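> Please model the complete structure; the sequences and the hints are all you need to start from.
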Amino acid sequence: MDVTGTASGVDQVDFSSNDYLGLSAPNSPLQRLIKANHQSDSISSGSTGSRLLDGNHNFINSLESKISNFHKSKSGLIFNSGYDANLGIFGCLFQPRDIVIYDELIHASVHDGLKLSKCRNQFNFRHNDLGHLIEIVESIRLDNPNYLADDVQIFIAVEGIYSMEGDTPPLAEILDLCKLYNMHLIVDEAHSVGVCGPSGRGLCAELLGDRVEEVFLRLITFGKALANHGAIALTDATTREYLINYARPLIYSTCIPDAALSSISAVYDLLELNGDQYQLELNQRIDYFKNQVKLKLPKLSILESNSPVQGILVSSNEEANSLGNFLQSNGFMVRSIRFPTVPKGKERVRICIHRNNTFESIDSLLKAIENWSISKELGNGELIESMVMAKL
8 MDVTGTASGV DQVDFSSNDY LGLSAPNSPL QRLIKANHQS DSISSGSTGS RLLDGNHNFI
68 NSLESKISNF HKSKSGLIFN SGYDANLGIF GCLFQPRDIV IYDELIHASV HDGLKLSKCR
128 NQFNFRHNDL GHLIEIVESI RLDNPNYLAD DVQIFIAVEG IYSMEGDTPP LAEILDLCKL
188 YNMHLIVDEA HSVGVCGPSG RGLCAELLGD RVEEVFLRLI TFGKALANHG AIALTDATTR
248 EYLINYARPL IYSTCIPDAA LSSISAVYDL LELNGDQYQL ELNQRIDYFK NQVKLKLPKL
308 SILESNSPVQ GILVSSNEEA NSLGNFLQSN GFMVRSIRFP TVPKGKERVR ICIHRNNTFE
368 SIDSLLKAIE NWSISKELGN GELIESMVMA KL
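Numbering (the working numbering), first residue to last: 8 to 399.
Derived from the structure by calculation, the hints contain no laboratory data.
The structure presented is a predicted model; accordingly, all values stated were derived computationally and were not measured.
A few of these clues could be false.
To be verified - Capping the alpha-carbon separation at 27 Å, the derived lysine-lysine pairs in BS3-like fashion look like this:
#: 1; residue 1: K306; residue 2: K383
#: 2; residue 1: K306; residue 2: K351
#: 3; residue 1: K301; residue 2: K186
#: 4; residue 1: K81; residue 2: K42
#: 5; residue 1: K303; residue 2: K383
#: 6; residue 1: K125; residue 2: K186
#: 7; residue 1: K42; residue 2: K122
#: 8; residue 1: K79; residue 2: K125
#: 9; residue 1: K81; residue 2: K186
#: 10; residue 1: K374; residue 2: K353
#: 11; residue 1: K79; residue 2: K186
#: 12; residue 1: K306; residue 2: K353
#: 13; residue 1: K374; residue 2: K306
#: 14; residue 1: K79; residue 2: K122
#: 15; residue 1: K125; residue 2: K73
#: 16; residue 1: K125; residue 2: K42
Shown next, in the form of structure tokens:
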């Protein structure tokens, strides 16, 4: 059954949201499990305070252990959101003389966290360009030959799946580089948890295997494929304690309530049981979309992505708006991504594939894209739009 959304009061097939596994949909396995749990358990709607005051309790501590064990991490610390987590982590973790190197397409929350940091030695490398990252590291080592003796720490920050490109970093090679030069790797798995790795454990688990414990910190968020809200920083016990005492978004925010924690616990039960099957069903739809584009729309330019984040590349903001509006008017929830969010010439309509999308709806989406392309060539968009509306 297709997952649907609503825009301007009109029902649309969802090709936009981050609900990659379709678990937010009404009557999904997760929603049924949550309802059953709420009927059988006495769950509070409020946590009453910050973790450092009255909001800490056995349930959240046991849930952190449960999630950490699932992801094969030594410990974990739950935050109210991925944004709060990155604000806290990147805002407090680094000392003034430390060095942070991050992918140029890293999420805005990381940039906001770094603005709060005492560390001013911040560098970015070209997106997924391992060679450029190595150049920066070598340059830093030349300028700071005694950085280890001087107790200067170097951190590398990347994402598991990039939300606008849909691509993934060369994690194994980056981790090798970190081990070679005694650097620390931070991976934001917001878009990769649930859709990568054994049972949905994320890209680190998929690409690194047992080496996943060598990653200094992994950020797992619950608000996308896991259909919840909040996040957990997976790291060692010492770093966890440091964050508890210095991460201001954690210290000064009311803790997530039991009702939300119960829902997070439920989705991990589902991943343990069905995570591999969910990924299989999702990947079947991703492969179908990509293969049908090659077969039926060979001239169409799409993102080089194997993830749920796909995209139709166009040449301008005007074309992105035109295609986005056309698809929305024909019953598909999509979003146009324009400059300056993406570079000029790389404007696009972002398309997210979900486990719940039917193959028929993917066919209909591609047919609408084909008709838009024809209408653009003929300069007769209104006529073609009316024809498509009549067929749907």
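> Evaluate each hint against the coordinates.
Hints and how they fare:
1. K306 to K383: At roughly 14 Å apart (the allowed maximum being 27 Å), K383 and K306 satisfy the hint.
2. K306 to K351: holds, 20 Å
3. K301 to K186: violated, 40 Å
4. K81 to K42: violated, 31 Å
5. K303 to K383: holds, 17 Å
6. K125 to K186: With a Cα-Cα distance of about 25 Å, the restraint between K125 and K186 holds, given a limit of 27 Å.
7. K42 to K122: Violated, at roughly 41 Å.
8. K79 to K125: violated, 31 Å
9. K81 to K186: holds, 19 Å
10. K374 to K353: holds, 23 Å
11. K79 to K186: holds, 19 Å
12. K306 to K353: Within the cut-off at roughly 16 Å; holds.
13. K374 to K306: holds, 14 Å
14. K79 to K122: The given pair, whose Cα atoms are some 31 Å apart, is violated under the 27 Å limit.
15. K125 to K73: violated, 33 Å
16. K125 to K42: Not satisfied, since the Cα-Cα distance of roughly 45 Å exceeds 27 Å.
In summary, the numbered hints that this structure violates are 3, 4, 7, 8, 14, 15, 16.
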